[in-house]
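> Assembly of the complex is requested from the two constituent chains, each provided in isolation within its own frame, with the hints serving as guidance.
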Amino acid sequence: MTTLTEARSVRTGMPTLDVKDLHAAYGLIRVLHGISFVVDAGGITALLGANGAGKTTTLRAVCGMVRTEGQIQLNGTRIEGRPTEDIVRQGVAHVPDGRGTFMELTVEENMRLGSYTRYDKDVEGDRERMFGYFPKLKERYRQQAGTLSGGEQQMLAIARALLLRPKLLLLDEPSFGLAPLIVKGIFEIMQRINVEEKVSILLVEQNASLALKIADRAYLLETGRIVFSGPAAEIRQDENIRRSYLGY
Amino acid sequence: MDGFIHQIFSGIATGGIYASVALALVMIYQSTHHVNFAQGEMATFSTFIAYTLIQAGVPYWVALAATFVISFAMGVAIERIFLRPMANAPELSSVGVFIGLLLIYTSVSGWIFGYTIKTFPTPFDTGHPMLGGYVSGHELGATAVTLVMLVSIYAFFRFTRLGLAMRAAAYNPVSSRLVGVRVGWMLALGWGLAAGIGSIAGCMVAPIVFLDPNMMAGILLYAFAGALLGGITNPLGAVLGGFAVGVIENIGGAYLVGTELKLTMALVIIIAVLTVKPSGLLGKTVQSRV
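Line by line, the protein sequences are chains A and B.
Each residue of the first sequence is one higher than the one before, counting from 1 in my numbering.
Each residue of the second sequence is one higher than the one before, counting from 1001 in my numbering.
The shape of chain B in the complex, shown without the other chains (with noise of 0.2 Å):
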């Protein structure tokens, strides 16, 4: 029983990761309709700046702020730079520029920071088990980050004049071009917001996976289950579904299928969703007209 609640409390830790990541893809996906396949690797690059940083002695907290704005800065230049341009283009165009964008990131960031596993540090106490001994003190300390964040985008979001623009933008560009939203620089801050919360997902699962290249390779798949299960039009959905596939894929792994077949857990939810309800649990269902 014990290890059954441990494995609950373990998967919501890693859960938290995935929520991120999954918000981060619904971000972009509900303003372009597409799925950011870079979204992972671009969060990877970010845990390499940040590690870069703590290891030149920047303190951790000021390392972490100083990832989350120029990862941001980084998103906002790549949609800019080779998003934008793809506007009007066709479907494919835009998945080959993603494809691409992953390619490169992945080498870029084997190439300046090396192929080698790295162990990523965590400013959290990691001695002492918490909780009556069911989890890390990192586990607890990243979720309550992973937490913090959520809530400030939700706030960000629900109560600001920006936030209310960039939900707009994306619902509908062309009443809110005619309102006076610059839709562009939109989709743009939604790109930079994506790529920020991706790099503190990065730093937050570093110290659990180990920091190398192909880091949020298999984070990125749970993160597209979890976004398909809550729902991809739908952010809150995208998280709750991002805890509840850590939350799973930890169960199934320690009792159904073993650690070494977790990730077929992640293609089997999301090929689970896509015929059961492909729509999701709270994404609404897209009617379109043939």
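Isolated chain A, as found in the complex (with noise of 0.2 Å):
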């Protein structure tokens, strides 16, 4: 197993996922107003902002869920006004906000959706890794996926996006609604998975001391814009920036 910082340090020149002057409207209703941020290779990049900053939107224009302008690369690949699922096979697994459970179908079903796209042998032992992660879903693998609590539906759709073997995984608020202690059991793992798995990571948070402790980097939003940028070590480290943006 390779430890947090030689994984860090293969980095290689190309990011995951780089995003230049990226504008995105719902209807007449513009979000956001040219945002330019990357997700280094093997990196986990945090988006942090208030309520209606256009986190969420971003994630969604990442996987052209919404109309955009602007570039957006996967590896150097141009990915932007794809449909969605083709995005999705390219190697970007979302992790929406609400999770996105498939409430009607069992975990095995849910899971079973996440390979979808995959017809490789390897499957059944990702499915076994995942089970590593979240022991909870093997108890409740026969069980109604809505009838999971919270966190269980967490760590299923963590784990559903995971199957698909992404290039970049993007997580929405993945502490949204859990108690503190399933959050940070959450968050460890996540951790691992970044290092475990070698899939960049794109975070949005509102709990930005709980983001800022994993993230690489980190990107300030404000009604659309990016108003601050840097390594997340150092926008800790920044009193005023915490105070006036961050609230903690």
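Wrong hints could be hidden among the right ones.
Which residues of chain B face chain A? A partial, calculated answer using Cβ under 7 Å [claimed, not checked]: (1) Val1151; (2) Ser1152; (3) Thr1160; (4) Leu1162; (5) Ala1165; (6) Tyr1171; (7) Arg1177; (8) Leu1178; (9) Gly1180; (10) Arg1182.
If you want the ones that stay clear, here's a sample from chain B, every Cβ over 12 Å from chain A, calculated [what the hints assert, rightly or not]: (11) Pro1085; (12) Val1095; (13) Asp1125; (14) Thr1126; (15) Ala1168; (16) Val1257; (17) Val1276.
The set of hints was computed from the structure by calculation and includes no laboratory data.
No residue lacks a Cβ here, since even glycine has one placed at the ideal position from N, Cα and C.
This is the structure:
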């Protein structure tokens, strides 16, 4: 098992995700006004900001779920304007806000849908590894997903996303509505996943202190514009930013 | 007593037809939240295709299989051509399309195949009553065909990757896209499958009611009543509801209202379900924010 520092040091020049001058709108309401950011290969980038800053919209824009202008590159390939299904098949897994659980289906079926696009032989092994991260899912395997607790649904959503074998994992507020202890557990596992699954992560979080602990790079969004960006460690040290934007 | 048992058996036989059409309705309802009013007429058109093939000398079972395939392709094409542009249109636009399809299908059936009533062949032995005289050979055979079809469809949805993707797309299209399911195509396949199911139902009922362009008009009503009774959000409920309506209709027709007023029973069931339990026996209650 590689350590965190080793994994980060092998980073190559090309970022996993490179977004330039991204605009997005819902009908006439413009939400993003030209933002640029990167997610390094093997890195965790945090997108911070208040309610309505455009964090969720940014994730949706990367997946082609809203109309956008600007450039989005995944490992050097342009993906903007493509249908969501195609972007997903290129290796972008999105854990949406509200977790996107298939409530009517079982945990097993939810996980099978995660590997829907794959025909390789490793699917079984990957599923077993997910049980390693989230043993609860094995206990609940035959159960209807709608009966899971919030934390279990979050675990299921992450497992489902990873079963795609993505290059980039988009996480929208994984802490939302969960007890602090469960959030702590999920964030620890996400750090492990980042290294062990070799997946780059773009993390949207309201809980800034938590996000900055596991991220290596962070961007601060305010009403659709990036007002500050830099290494996560630097932002954590900055009293002014912390007080005026992050509120802790 | 013998007559009563006979009514139950033939109720189950026609119920199987209603169950199939009800299932077709529910499949499209689940993914689009619309009832396809043209479902019956699409089935009639398919039955005419089977009739033409059989008249041309194609063996019955080959003709049936070919009809299923042709109907499936037509269902897919209709979704792609007529319904897809309506994806974000208001509800009434889709209803308009369905009614338009209904009229077009009836007219085209009449135009190509004529309005004269035709006898449709059955592959089953009709000479000897079966099961101690309670049921005709065709009724028994048609019930068997219907059951085999329903079980195959259940197995397809339950055990295959594509079936799972189709269910996922119906339940939660947004999440389905996020795991790479091509939701638009799943809807089209759903239409194809519904059309295929309808075509088999049409061929099974045609020897009983005779074939003409309006053959399925009444059957669609019974099927709709069945789907509502079982719960229009639940495929299994719709199938059971279809069988139940078949039995209720036959017994009611024989002992209560007479054959002339049979169709009213479907309407009574529809109104009763909508007043007493709108979600049906097995359906789930839809809650929406106001």
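> Which hint numbers does the structure go against, in order from smallest to largest?
1, 2, 3, 4, 15
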